[in-house]
Every structure is written in structure tokens, then in C-alpha cells.
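**Student:** The chain contents come next:
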Amino acid sequence: MKPRERISEASFNREYAQTVGEITSPNSRIVCRNVNVYYGEKHAIQDISLDIGRNEVIALIGPSGCGKSTFIRCLNRMNDTIPGCRVTGQIVLDGQDIYDGSLDVVPLRAQVGMVFQKPNPFPKSIFENVAYGPRIHGLVSTKAELEDVVETSLRRAGLWEEVKDYLHQPGTSLSGGQQQRLCIARAIAVNPEVILMDEPCSALDPIATAKIEQLIDELRSHYTIAIVTHSMQQAARVSQRTAYFHLGRLIEVGETAQIFTNPRHQLTEDYITGRFG
Amino acid sequence: MTTIQSERHIVKRFDGELSRLHSRIVEMGELALAQLKDALRALEEKDMALARKVGRCESELDHLEVETDAAIVELIARRCPLGGDLRMIMAVSKGVTDLERIGDEAAKVANIALQIHGNDAGDPNEHLLRDVHVMGQMAVDALEKALKAFDRSDEAAAREIIVHHRAFEDEFEASLRRLMTYIMEDSRNIGFAINTVLAVKALERVGAHAQNLAEYVIFQVKGKDVRHQSP
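Protein sequence lines, in the order shown, are assigned to chains P and R.
Numbers given in the numbering used here equal positions in the first sequence, counted from 1, plus 1.
Numbers given in the numbering used here equal positions in the second sequence, counted from 1, plus 951.
Accuracy of the hints is not assured; some may be wrong.
Said to hold, decoys possible - Which chain P residues face chain R? A few, computed with CB under 10 angstroms, are given here:
hint, residue
1, Ile137
2, Glu256
3, Thr262
4, Asn263
5, Thr269
6, Tyr272
7, Ile273
8, Arg276
9, Phe277
By construction, these hints were calculated from the structure, which means they are not laboratory data.
Cβ atoms here follow ideal geometry from the backbone N, Cα and C, with glycine treated the same way.
Bound conformation, chain P alone (with noise of 0.2 angstroms):
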């Protein structure tokens, strides 16, 4: 076998500038174009264009530092919490540019909601994590509204029948899926449109996993969802479309199936099956 030519960083930039695959979505509800993402000098994303269709769930794959989570921090704007952060190019959500100066970013990371990789609930009760956010938003105006808004976000996490007796317990006393679960009640109680998710399984056994990739199926009817994912069989297992990011470029995207069976660029075959060093 001919051995493989090492790449130059100037043949790097020209070669995999352009993305593989169809980055448009015919239902989009997000459309990003030439986002670029810079800590102080570091130019951390390059030029990414890609669209995120309602009720679709994306998976995010690429080696540690390739810049998706980078990238999907820019669709809430959680990266304006970063000192010497700077994004360009557009990111428009249902029609309006997040990034326009008069936009307000607490209703956006309400509209964008967020699970982490390690679960981060209040150190509240469990009624109180999910009653939160619909509360400082000023979504529910009685009490038997928030008591509605809590079970409903609980029973499409998928935690009610677990949960309904111990509403007052610490939400930190519940297992590390259970926790996770909870995140995402509270995330979905403030009527979020999006989800975002980094790496959300990465410190759950499998059984919880089971249960959140199971979850995530079922949202995907009432949201859109990117899910930042080091787990190749879970990015197959729940996606629909995935998009394959190395050194802060969208080298590939298409629809979950070919992307793991006939992967048309050879980076993302490499770093399919394991060859990427």
C-alpha cells in the first residue's frame, strides 16, 4: 500500500477549505454562514457554513479541539462569556441574526438551551431546578401554572414516575443519569426551541445513556437538536444529518447513514475507523 503524503499546513487550508456534502436543510430553523471563531489570536473556527432543519437532531464529531463545542456554543451566544472572544460571519435563528447588537441574550439562551457534559443541577430541590427558569422568565403567572409547567418538563425528560414523590429532595441527591435528566426538564421548561448538547453521556453509565439517547429520539418531534459527541455509535445511534470538524473546519456533513458507511472525505473515514493519529 502507498503510504499516506503528509500534509502541509498551506496545502491543509486549501484542500479542506471547501466543506463535503449538503450543508443546507430544507426545513432549516438554523443558518449559519462563514462563522469564525477566534480566542484572542487563535483563529478557533474557520469559516463555517451549515444549516441545523427543525426537528432534526445533528450530531457534532471531530478529535478533542477540532472546535465543535466551540461551534455550538456560538448558536446560544455562550461564548460572549469568554474574555477576548470574537465571532463572525451570521448565525440566524428562525429568521433573526443572534448576533445583531440589539438582540437580548437571556431570552436567546432560553430559546437555545443547553445540557453540559457533566450534569449541573441547583443545588435546589428538584421541583425548584425546573420551576426556575419558567419563574425569572415570567412564563407562568400562578402557582398551579408552574406546578403544570414543572410536571410537563419532568414527564418529557422522561424523570416524572421517578421523580413525583421526592419533588423536595436536593436535586444533587438523584443519580448522575437522573441529574442529567434533570438538566434537561429544566432546560425544556422554558419552551426552548433548540437544544444544545456537549458531550451529554460522557459521564453517565450505559443504562443511563440508554435513557438519555432514548429521550433525545423522543424530543426530537417538539425540538432541533446538536449534540457534541466523542461516541461515534451514539452520534450513528441518534442522529440524522452529522457534520465531521477537524482543526476548526466543517470538513463533512450529510445524512447520518453515509457519513458512517461511505464517508466521501478521507479525513472523516480516517477518523471514523480509527485510523486518524
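Mind docking chain R on chain P? Use the hints.
**Tutor:** Just chain R, lined up with the frame of chain P:
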């Protein structure tokens, strides 16, 4: 995207497992080809001992098929292969079935050799066996090329086999017409002619299995399923 992988897996044991799988199918292919050649030689040279040996060797291919399938199940369960690795494993999984069936067809030809030459009824009209020799040579050629294409993941060679398969089918139909004529000319030929028809049919199946192997090569290399398509 091609599956000629120029870099090794990070998990080196996976490379070893894939390499052993590849060796198994190559071994099965060599065995099936040898059986086919032996069966044809037994028929041509009236070598009944060789014909009986082909029958006995069939179980060796059956055993390799079972072993290879077990290795594939374990590989899928343990490694969750993706991309070119997944396509290669699927191609091998399908290929072993075709090779085992080629062994069955070779055994049929050997058995027909025993029926034609292994009794006191005398030799058939030599024109009757002409079609078996022609089809036999075509089947051996197709199988040799298919095995080489499989071994080297050679898409161009695989496409050539598929294109040439039409000539194989044409020859099969022509031989059936000729054998029909012999039967109509002299009803004493019926017994021999039926055995000859069974032999050419077995060889036609070998050609079809060789074509299947070529189709799996294209799937493995290009990710395209070209089965059931006109060339």
C-alpha cells in the same frame, strides 16, 4: 472514497483481525478454485479417485465458512466497524457464502463425472462434453479474476468481470440449445445429455457467484451497490 487504507488503525489489534479475515477469504477462494479445477479435470481425464476427493473436500469449505462467519460476528460486536472497514466486512461476509456455494457446484460437477464415467454404460459421444469443457474454462477464468480483484480491491477488474458475464450467459444458453439438438437426434443420448445439462448449469452458477464477488468488490471500494443492474 476508496477502501485501500494507507494508514493503520490506532488500535493495532483491529488491523490484525481485519488482516486475518482477509486471509480467510483468500484461503477459501483458493480452495474453491482448486476444487473446481479438480472436478473439471476428473471429468475430462475420467479420474474417479479425483472426483471422489472433490466430494470429500466440500466439508473443508463448509467448515471455513462457519469459522469466518463466527469471526465476522465477533468483529462486529467488538469493534463496531464503520466506513470502509464496515464495507470490507460486509463484502467478506457475503463473499464467503458465494465461495461455499462454488464448492457445492464443484462437488456437483465431480458427482456428474462419477455418474458419466463411473459405470459400465460406456463413454458418451465426445461432442456432448464439449460444452462442459468450454463452460468449465470460462468459469475458472471468471473465478480466478474475481478472486484476484477481491484480494487487491481492484474495482476496474471487478467491473470487467461484470461486463464479461453476459458472454458467459450467452454461452450457457447456446450450450443448452446444442444439447437439446443431441437429444432430438438420438434419444439414446438422453441420460448423458441430462448429466451434461446439470454440469453446465453448475458451471453457470459458478460464473454467477464470481460475478457476485466482483459486485462486492465495487461495494467495498466505492460504497455502491451494483447488484441487479444491467452492465
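**Student:** The structure should be examined with respect to each hint, and the outcome stated for every one.
**Tutor:** Here is how each hint holds up against the structure:
1. Ile137: At 43 angstroms from the nearest chain R Cβ, P/Ile137 fails the 10 angstroms test, so the hint is violated.
2. Glu256: violated (13 angstroms)
3. Thr262: holds (6 angstroms)
4. Asn263: holds (3 angstroms)
5. Thr269: holds (8 angstroms)
6. Tyr272: holds (9 angstroms)
7. Ile273: With a closest approach of 4 angstroms, the P/Ile273 hint holds.
8. Arg276: With Cβ-Cβ at 4 angstroms, under 10 angstroms, it holds.
9. Phe277: Holds - the Cβ of P/Phe277 comes within 10 angstroms of chain R, reaching about 7 angstroms at its closest.
Hints 1, 2 from the list above are not met by this structure, while the remaining hints are.
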